[in-house]
Amino acid sequence: MGEQSPLKPLSSLSLLLLLLTLLTTTVDSRLTTDFYSKSCPRFLDIVRDTISDKQITHPTTAAAVIRLFFHDCFPNGCDASILVSSTAFNVAERDSSINLSLPGDGFDVIVRAKTALELACPQTVSCSDIISVATRDLLVTVGGPYYPVHLGRRDSRTSKASLLADLLPLPSSPMAKTIRQFESRGFTVQEMVALSGAHSIGFSHCKEFVGLVGRNSTGYNPRFAQALKKACSSYPKDPTISVFNDIMTPNKFDNMYFQNIPKGLGLLESDHGLYSDPRTRPFVDLYARDQDRFFKDFAKAMQKLSLYGVKTGRRGEIRRRCDAIN
Numbered sequence: 004m005g006e007q008s009p010l011k012p013l014s015s016l017s018l019l020l021l022l023l024t025l026l027t028t029t030v031d032s033r034l035t036t037d038f039y040s041k042s043c044p045r046f047l048d049i050v051r052d053t054i055s056d057k058q059i060t061h062p063t064t065a066a067a068v069i070r071l072f073f074h075d076c077f078p079n080g081c082d083a084s085i086l087v088s089s090t091a092f093n094v095a096e097r098d099s100s101i102n103l104s105l106p107g108d109g110f111d112v113i114v115r116a117k118t119a120l121e122l123a124c125p126q127t128v129s130c131s132d133i134i135s136v137a138t139r140d141l142l143v144t145v146g147g148p149y150y151p152v153h154l155g156r157r158d159s160r161t162s163k164a165s166l167l168a169d170l171l172p173l174p175s176s177p178m179a180k181t182i183r184q185f186e187s188r189g190f191t192v193q194e195m196v197a198l199s200g201a202h203s204i205g206f207s208h209c210k211e212f213v214g215l216v217g218r219n220s221t222g223y224n225p226r227f228a229q230a231l232k233k234a235c236s237s238y239p240k241d242p243t244i245s246v247f248n249d250i251m252t253p254n255k256f257d258n259m260y261f262q263n264i265p266k267g268l269g270l271l272e273s274d275h276g277l278y279s280d281p282r283t284r285p286f287v288d289l290y291a292r293d294q295d296r297f298f299k300d301f302a303k304a305m306q307k308l309s310l311y312g313v314k315t316g317r318r319g320e321i322r323r324r325c326d327a328i329n
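Count along the sequence shown from 1, then add 3; that gives the number in this note's numbering.
Everything labelled a hint here was simulated from the structure, so no lab data went into it. All figures in this text were calculated on a predicted structure; none of them were measured in a lab. From the three backbone atoms N, C-alpha and C, an ideal C-beta is built for every residue, glycine too. Errors might be hidden in some of the hints.
Unchecked claim - Beta-carbon label-pair distances, calculated as ranges: (1) Ala-91 to Val-143: 37 to 43 Å; (2) Lys-180 to Arg-292: 24 to 30 Å; (3) Leu-170 to Lys-210: 28 to 34 Å; (4) Thr-90 to Lys-232: 39 to 45 Å; (5) Gly-107 to Leu-166: 18 to 24 Å; (6) Pro-62 to Ser-40: 29 to 35 Å; (7) Pro-265 to Thr-127: 46 to 52 Å.
Please construct the entire structure, taking both the sequences and the accompanying hints into account.
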């Protein structure tokens, strides 16, 4: 018999992770932090001025844009497909059932930034780059960590609600399913927990948690459950009623969200799931006691997400308007 090769064949999972790594490396090499230094030198200043004005007048803008960023990037890559409006011939992503609750302030500030950039540098800056930078800058304005954003993305030429089926995690999803959704995109369990820290700011509508409050063994602090019942008592008549995700420091990005969960002060079923699942609980405890570590891991995970599935060159376009395909 011939001598056996010392090399072992790669498993299908190892091969998938290798391909994802190679793809990310290839894409990252095409993007640069100074992509617009010559073609639109005031790009960063224009975005920063726009988001600052909006955040001052509408303090929920930061949370709205961070959520918009996640709903754009996580399903099919960061390509601004979430911004496209539906037409008589197509139901776009923003009108899928899971996206109907996205706050209008997120869409509005991106449109404002795009309008200002079109005046300064016509058809130069992509809507997907605007979302990525606006998300980072708004995060910083509410106390979150800074991280470099690589630029040079193109915008998607399509946006279909039908392509979102079961791609975004739901607050009611079992933790095992949510973990699988993240892992299938190359994110670890720890990165998933870190990204969940985005719930440090923003709010959720009563419909997303009110059904849980009256149940036993759901992890709610009894007094908190009573307060939620009272806050949502008029929900059937007014479905816009909402509650802050972090009741302690709702407008400040910090690690209080993770401190709240072990005390039964988590708002959503997915929040409680992070603490009840043995795979995620150690990271909740880690981030609850170490804000610096949370900030570091959150920044790295956000930067990684901003590079997920991006389009460059001829694979995409630079839209004249963010809400319409050219």
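So, going through the hints one by one against the coordinates:
1. Between Ala-91 and Val-143 the beta carbons are some 40 Å apart, a value that agrees with the proposed interval 37 to 43 Å.
2. Taking the beta carbon of each, Lys-180 and Arg-292 are about 28 Å apart, inside 24 to 30 Å as hinted.
3. About 21 Å separates the C-beta atoms of Leu-170 and Lys-210, a value inconsistent with the hinted range of 28 to 34 Å.
4. Between Thr-90 and Lys-232 the Cβ separation comes to about 42 Å, which falls inside the hinted range of 39 to 45 Å.
5. A C-beta distance of roughly 23 Å is found between Gly-107 and Leu-166, which places it inside the suggested range of 18 to 24 Å.
6. Between Pro-62 and Ser-40 the beta carbon distance is about 32 Å. The supplied range of 29 to 35 Å therefore holds.
7. For Pro-265 and Thr-127, the hinted distance range of 46 to 52 Å is satisfied, since their beta carbons lie about 48 Å from each other.
Violated hint: 3 only; the structure is consistent with all others.
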